[in-house]
Every structure is written in structure tokens, then in C-alpha cells.
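Generate coordinates for the entire structure from the input sequences, incorporating the hints supplied.
Here are the chains, one letter per residue:
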Amino acid sequence: MAQQRRTGDGPPPGEDPTFDLAVPLPADLLYRRCDPDHLPFDLCTELVDAPGLIGQERATEAVRFAVRMRRKGYNIYALGDRGAGRQQLIEDLLRHQAETEPIPPDWCYVNNFVDPQQPRCLSLPAGRGAAFDAAMKRLVEELRATLPAAFERDDYRARQQVIEQQFKERSEQAFGALQQHAEGRGIALLRTPMGLALAPKRDGRVVSPEDFEALPADQRERTQREIEGIQGELEAMMRQVPLWEREHRGALRALNRDTAAFAIGHLLEDVRNGYRELPAVIDYLEAVERDIKENIDDFLAPPAAPPGAEGPGPAAPPGDDARFRRYRVNLIVDNGAQKGAPVIYEDNPTHQTLAGRIDNLARFGALVTDFNLIAPGALHRANGGYLLLDAQKLLAGNFGWASLKRALSAGEIRTESLEQLLSMPSTVTLKPEPIRLDLKVVLLGPASLYYLLSGSDDEFPELFKIAADFEDRVARTPEMTLLYARLVAAIVRRQQLRCFDRAAVARVIEQAARLAGDQQRLSTSLRAITDLLQEADQLAADAGKEEVGAAEVEAAIAAQFRRGDRLYRRLQEEIGRKTIRLETRGERVGQVNGLSVISLGTLSFGNPARITAQIRLGRGEVVDIEREVALGGPLHSKGVLILAGFLGGRFGDTRPLSLNASLVFEQSYGGIDGDSASAAELFALLSALADAPIKQSFAVTGSVDQHGQIQAIGGVNEKIEGFFDACRLSGLADGQGVIIPASNVKHLMLRRDVVAAAAEGRFAIRPIDTVDQGMELLTGIPAGAAGAGGAYPVGSLNFRIAARLDAFAARTAELWRGAAPGGSLR
Amino acid sequence: MAWCGAWRFAAVIGGIERIVVSLDAVSEIHAAIAAAARLAVRWNAALHGVFVEDEDLLRLAGLPFARQVSLGAGAEALTAAQAARQLRAFAETARRELAAAARRHDLRWSFEIVHGAAAVTTAAGDFIVACAASRPIGAHFRIDTQPRRAVAPGSGSLLLMHPVRAGRTVVTVLHDREPASGRVLEAAAQFAEAADASLVVVCASKLARDKRFEAWVGERLAAYSVHPRIESAPGDPAALQRHILGLDCGLLALAEDAEPADPDRRREIATGTGCDILVMR
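Protein chains in written order, with this note's numbering: chain G, 398 to 1223; chain X, 27 to 307.
The set of hints was computed from the structure by calculation and includes no laboratory data.
It cannot be assumed that every hint is accurate.
Which stretches of chain X does chain G cover? Using the computed rule of at least three CB atoms under 8 Å from a CB of chain G, they are [as the list claims (entries may be wrong)]:
id, stretch
1, 82-88
2, 94-104
Sample of chain X residues lacking proximity to chain G, with all beta carbon distances greater than 12 Å (derived) [unchecked claim]:
id, residue
3, Gly41
4, Val67
5, Ala125
6, Ile139
7, Thr148
8, Glu204
9, Gly208
10, Glu219
11, Ala221
12, Ser224
13, Trp242
14, Ala248
15, Val252
16, Arg255
17, Ala265
18, Leu266
From the three backbone atoms N, C-alpha and C, an ideal C-beta is built for every residue, glycine too.
Laid out in C-alpha cells, this is it:
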């Protein structure tokens, strides 16, 4: 057996542990404790809160730089896993910065009196939007009282009567003169259903046709001529009537305008005086004044019924009169109560929740809208500050991503319907004036999405120039351990939990290492740690304790696993009942216990399975049965192909590899991926070739390279625990254990019971660096090193393998010789 | 102004069984029909529409040179057939509008078309509603025509509707203290109550200064909430019209035998003052 001996009693902080490959790992290397005695406090309440997230200096610096960088495109993509506390950290950073920044202005939409379809936006200093809204409401209320009063006044009515009388007299005089002229000639002016007519009259009545016919001819002709003459005058006069009417309307309008101007002048002046320094507001108020003068009748008519009462849709406010909606102010952003710049998190980022929407009212069976129904989005609320969005939700939402990119690229917010955004045909709706956009967007998302967007979306790198890459773990140094304790204290304080004692904090830190899957690292998953603290707190509460101790933390960890381990228990149960065949005693040729990890939600557990190999004559191919049936992923297939490479490299230089081998995970009915079973598969294959039985008391995990070096794998703790539980089903026996890559020893954070069994010598963890070390452990036969001529010591494993391959080659040659020319050997 | 809300009105006028509304092709019939319907509801009376075909129009249309001048079409020939068609169309419109008003108020109703002056014959239980002026040519010029003379004189109490918005005061013109004047005074008070209007009694100067007259008025109106103001009337009819105009009059109540007795003169007052006229029998 090739021995690689490492020495040393224990790993100094931050360095790889040293150990002896010839013996099982000592218990202290299977789990790195956090010694409570090294923690300088009794209760976590004695600690000062950790400053933000720990170990995130790089990401923090990136965020700070982006915040300082006030140029276009310097938005942030915060890479990291959920639950790592990114959002909290960034929000804290941004809020701290935002407090020092100016409060952005209020924004409101008002009517565009020239084109109501394109509402105008007005920007007012923070807090003055609401005052402007109130001023306009007050103005309308006062106008509704003032204008009718002005038009009820005697002087107005007198002026109106003068105009009425003037035009009445004009028409009466004209028609009266005509009528008098006609009657002087015995001709009556008659009102017909459609207009006027002239007829000869006698004794106050129109002459009948019979009587007219009875008149002398010259009298008839005279009468007819006279009627025709007067009729010409009548026609000329009738042509004048529309002109008189127009003049009359104009005179009344002028009177109304003058009356209104006088009545509203001082009211509007009062409003104007409050906004002299805001030209856009003054401009708007002038438009309001013009519109009021043109629509005086609206203020004189009695109140109208509230709109929208006859159908579904947003109900109009009580007392809302449709005639005066155009004078209202739709205050979409009110920063009156804002301190500094806003920091907004939008939980549901869609096109509408970002860029706003235009609502509709049902009125007389039709949907109608106006500028009052423009609703703001998160971009409006965050304008002038910071907007945080979940990148995955943004991309999954209804065109939220397209909408955000468009706004950031254009530097303005356009509130429009989806149909407008997508240039699809739509009904006529509003086209509000765009609002200038000046904000910093922070996207929170996984790293994979960042790289995907970087590679596939041309606009993304332009718009999100800053990547804040968050660590999912930090180095477990003494300083960091203390900082972690302060983080625990901060969470306890923030969540208002019971006080955690020193031992409890130590156990939490150990669990953080387990979550990181590394003795030398601590997980930064704040969510997992927070959950653990809360659950331990609840258990302490259930037990009536004032403080949380290590026992509650331990119980909470066990409970977390127990809540999700139904499938794991079922697998173990079936192993115990022999439904799933797993041999943990005895020896087998071409069979080894492999280990895989199953991840279900937040729970991962080890799943032991038999890996078997069969060999036969062939052309040097190793068949991965999992791949053949499409159950194996690409990484698993890669691992199997490496085996062929290893065989060829070690044994193929002096003989043809005249074999075919097949490998399979027995009783595996789901997909399998990863190369962590490649070492086990190689051991099964070599066992079959050497005809050397493998001890079934071992399970193996590790990947292998083409030179036979064993490489680290993931999930080593879960795998060991899975095999330990399987062995325990029939009682632990001597020699049982797990062979792992030596490079995985630093990742060991095993369960207490596994560590205890190892300490008692009832379960062994055996690290290896090479295939030969593993084969020696599994078979008890020396592997044998190649001599100067490439020959292996007689009796060694490699000798037996080489001999078997030689025999395969000879048999193949023999078969070739006996085969017909042009034939083939399959 | 809703003049027709007084329940006690029936007691004053007495025995109204039918509201006869006079309609024609040149009047603004909507106000007349609406007022007639409301009165019919108050008095639980039937509604009867009489559409009067203007005899003068039909004679004119029979003349070979007859032409009609309108704002919409200018001058055009007017034949007897055209005139008949136009009258039929207007009559049908009036009938439908009357039927709709009757349906709205759940009234018994009838309709007839009559021909010529004084063609509307009335019975003792009839109350007549008619429009005081024709539709205007343009916005202002209204011309009087034959149909308002369609109602035979002395047919019954009459309400002449003015087509333009009325004022807020009820004015009663009285010349004596006869029982008929008392009925007019009470009717005017009831209209004023129903419309929340003020009441002005206009009478000869001598009467206006007479304390006994003032007491008589107070006694007749003791049961009503209105407080009349007594004013002396100018002797000259034109001055009287100006005086009434200055009172913002909405309804002018007269006894049938009161001056001016001439229906044309009363109509002139109605159009001149812009108010409705109630003539009590």
C-alpha cells in the first residue's frame, strides 16, 4: 500500500488539517468544535451588534462605489443566494447614504387643456404637491360659490338683459317693420311649421284659394308681385338671422368672460402668488384661467350626479363632479414626509407596478379615463433615490424587465399600457407626459442570472455596470468567529429573541460551519441562521427557559432535519428491510458501496447504493449503463469515461485493452449526475478485473482523474452520515466506515453520533489520495508499484489486473486468428 | 319653477276632470305638456291633447304662389300636400309626447286633431293649458299665430305657458274684492307655496291704500304660509307690464273678467313679461 503520511495533531485556524492516512481519522478531525470557553462573553446580549453583514467587504465596496458614481448605467446587480442578507445590507447602506441626499421633488399630473389625451406633469419642491392639490381643490370650491354669485348679481343680469333686449329688439324691429309693411298692403306674415310665409289677408284671415281666384286678374297679379317683393326682403332678413345670433352669442360670451375674469381674478391670483418661482405651475394656472372663462356654464349649472355609479369599476369619490375633474391635481408622488432620498423595494416588479398604470372608470357602459386615473409605479416613488428589485421576479413578471430597461435607457418614465409598450393596436387612451428619471436601481439575483444576462442581453452591461458579488461563506478565523457571535447577537436583538448563552452561540457557529460544508468556513446564509435562532428560541419558550442554551440549538437542528426527513427515513427503512439491497458486511467481487446525495428543498441527505461492474471480452470500452438509459448526467458520464482513460494509461501501453466493462448504480431509478462516484466505480471495475473481493463494510466517495488521483467531492458529511445510518440498521460492526478523498477532510462537520462512533473505533473515516490506497483498503491486498520494466509485483492487485488484461488480449488474438478473413470480433 | 304642487288648488278651482292641452305645429309644446301632466296628477284628472291645424296655413298652401322661408332651406314652394304632411308629422310628434307624459305619470289620456279657430270646445270640468308663444325664428323672434285663438273665449280656467325660464315671484292682479278675486288670490298663494315663491298683489292705487282691503287679503290667505306684498298698479297697460317685469314674475294670476280682458293683450303681457299667465274663471 502506498502510504502518504501526514503528521500533526490538529489544524491551526485557516490551515488544512494534518492526518495519518494509515489509520482512521481521529474524532477531532471529524468535527471542528467552537469552544465556548474561547468566546469572551457569557450571554450574547453583552455583545455589540455586528456592523452589517460579515465578510462582504468586496460587495460593500462595489455598492458604495456605485452610489457615489452618479453617471448613467451605474446601476447595481447584487449577486448572491437568497437568504444571505444581501437585501438588508444593501438597504442599510442605501438608507444611510439616502439620509444625506436631498429630498426629491413631488410629482403630479394635471390636465392638458390643449390636448387632454396628453396630461402634463408638474414637478414641485417636496411637500408642496399636496399644498398645490389642496389649493386647486379650494379654488374650484370657491369658484363654484363665487361664479354663480357673480352671475346672479343684479349688475350681471342687467347687462345680460341689455344684450338680450338689444338683439331681441333688433330682430323684432326688423321683422316687425317687415310685418307692418306687409300688413299695410293687406299681406299677413305667418308662422309655418318650418319658417315664415306671406299670404294675402282679408278681414283678419288669409284669403282662401277660391276667393283669391275670384279676384280680378290685375289685383291677383298685384298682390302676387307685392308678396314676391316682400318675400325677397324676408329672405334677406332670414339670412341675417344667423349673423345676429352669432353676434348675440359673442356678446354674451364676452359678458360672461368679463364677469368671470373679474370674479376669478383675485382667487387665481392668490394661488399664483404661492408658486411664482415655478414657471411650469404658473403656465398651468394660466391655462386653467383660460379654460374656466371658456366653460363658465359648468360652474353655473347645478351639481351633476357622480360618475361611475352605474357599473363596476373604481368608484368615484363622493361629491366628485365630472365637470371639475379637469381642474384636479393628481399627486402621484408626495415626498412631503420623506427624509432624504427614497429607498424603495418593489416586491412585484411588473410593467404596471414599475412604470405605473392608467385606470379606467365605467361610465354609461363604456370605460373612460383621464389624468386623474394615472397611478404611479415604483419608478415614480423611487425617483431621485434608490429602487431595489428581485431580478428573478423582474424577469418573470409581465414585461417588467423591458419596461425597466426602457426607462433607464431613456432616462424617463413613460406611463403607458402594455399594448402601447408592445406597439399593439389598442383603444384610445392617455399618453401622459414622460417624467424625468434619476435613480439608482439595485437588482438582487443569483450569480447564474447575472452571467446569463451579461451574455445574452446587450443592454444589460450598459445599464448595470456594477456587480456586487456577495460571498456565501466566510473564513472561520478566531476574529470572524467573534464577529459571527456579534452577528448572532444582532439577530437576537432585532428579532427580539431570548438571550443566547455562550454555549448556544458556539453551537450556532458550528452549525454555520456545517451549513458551509467546511470546518474552515462559516455560512453567510442569514436566513438559515435566523431560522435556527428563532426555532431554538421557541423551544426555550416551550421549556419555560429565560435563556437559550446549546441544548435548544441542538434540538432545533435535529427538529429541522426531522421535519423534512420522511423520504430519508423511508430509504433507510427499505435498506433495513432488504428491499434496497445494501451489503455492509462481507466481501464481493466487482461490487462497492457508492454514495450519492439527494437534495429535497432545504434538506440534503446521503443515499448509499451498490455500484457493480461486469467485464467481458471487447474493445476497451467502459459502458455507463446510467448514460445508456439516459439516467446519467454529463458529469457522471465524464467520470466514467475517465475510468477508461485511467485503465488505458496504466495498463494499455504494453497490451491491448481487449475488454468491455459495464457499470451501474444498482436499484437506482432516478437521474444521477456528478462525478463523485467515479472512484467507487473504478474500484468496482478494478475488483472485477483483479477478481479481488471488496469489503462491503466500506462505502466510497470521491472522484478520480486519469492518473488515479482521488479528488474532492461535495456533500461529504451527508454521504458519511447516510452510510453510517445504514450500517447502524443492523448494528455497527468492526471495520465499517467510509473512504473519502483526503482533500475532503477539512470539510468534515459530522453529526455527534457519527463522531462518537468514530471515537469509540466503531466507525472509521479513511481518507485516501490515490486509487491504489483505496484498493488496498477495500481489498486488503497491496496494490503494487510498477517496476523498471513496467511489471508489477507478483500477487499485487495491479499484477492481477495486468494478468487478466493479458489473458483477455490473448483470447482476443486467438479468436481473431480463428475468425474468417474480413470477419469481425464483437 | 314647478307651479303645480298645491293640493288645495282643486278646492279653489273646483271639479277639474280634464286637463286640456292645446297643441299645434308652431308652438313649443314640451313645457305645456309637462305642466298639463303635473296638473293632471294633482287633480287626478285625465289628460286630453288637442292638436289644432292652422286654418290660415292651409289656405296659404292652397294659393299658387305660396312659399315658405326658413333658416335651414331659404325660400321653397309650399303646397297643400306639403302643409298637410308637415301638420301630420307635428301632430304625431305631439301625440307621442303626450302619450309618453301620460305613461310616466300613469294618467288617462286622449288626443284629437281639430281644425281652425275656436275649434277647441271645452266642458265645465276642463282646465286648459296652452303655450303662449311660437317657436322662435333664430333665438329671439317669435310671431303670434292663429292657434292660440283656437280656444273659444270663456271656455274655462287657462294656464298660458311661457316658453322661456320664468322668474321667482307670483303676481296677482286684482281690481276688486269680489269672490272671483278671492279665488284668484288663493290660487296664486297656493302656486307661490308650491314653488316656494313670494306673492305680490297688484291692484289699483286706491285699493292698495285701503286698510280694509289689506285686512281682506290677510283674511283670505290666513291658511297659507305666504305673506303677500300689496302694491299699486300703474294705470297704463304698458307701465303695468314694465312694473310686472320688474317684479321678476314667474306667474301672473288674473280673474277671467279682470283687465286686460282681451286674450291677445294678455298674451302680449305674457310674452312681454316672460311669465306664465293663469286665468281663473
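Non-interface claim for Trp242 of chain X, where every Cβ of chain G lies beyond 12 Å: Holds, since 34 Å exceeds 12 Å.
Ala248 of chain X remote from chain G - nearest C-beta pair above 12 Å: The claim stands: Ala248 of chain X keeps its Cβ more than 12 Å from every Cβ of chain G (closest is about 33 Å).
No chain G beta carbon within 12 Å of Ala125 of chain X's: The assertion about Ala125 of chain X holds, with a minimum of 21 Å to chain G.
Three-residue Cβ test at 8 Å for the coverage of the stretch 82-88 of chain X by chain G: holds (count 5)
Nearest-CB test (12 Å) between chain G and Gly208 of chain X: 34 Å, holds
Distance rule for Ser224 of chain X, whose beta carbon must clear each one in chain G by more than 12 Å: Fine: 16 Å to the nearest Cβ keeps Ser224 of chain X off the interface.
Interface-negative label, Glu204 of chain X against chain G, beta-carbon threshold 12 Å: With a cut-off of 12 Å, Glu204 of chain X remains clear of chain G, as the shortest Cβ separation is near 33 Å.
Assertion that Val67 of chain X lies outside the chain G interface [Cβ separation over 12 Å]: Consistent with the label, Val67 of chain X stays out of reach of chain G, its closest Cβ about 24 Å off (over 12 Å).
Coverage of the stretch 94-104 of chain X by chain G, judged on three or more residues with CB within 8 Å: With 9 residues close enough to chain G, the hint holds.
No chain G beta carbon within 12 Å of Ala265 of chain X's: The claim stands: Ala265 of chain X keeps its Cβ more than 12 Å from every Cβ of chain G (closest is about 17 Å).
12 Å Cβ clearance of Leu266 of chain X from chain G: 19 Å, holds
Closest CB of chain G to the CB of Ala221 of chain X still more than 12 Å away: Ala221 of chain X is indeed farther than 12 Å from all Cβ atoms of chain G, at 17 Å.
Checked against the numbered hints above, the structure violates none of them.
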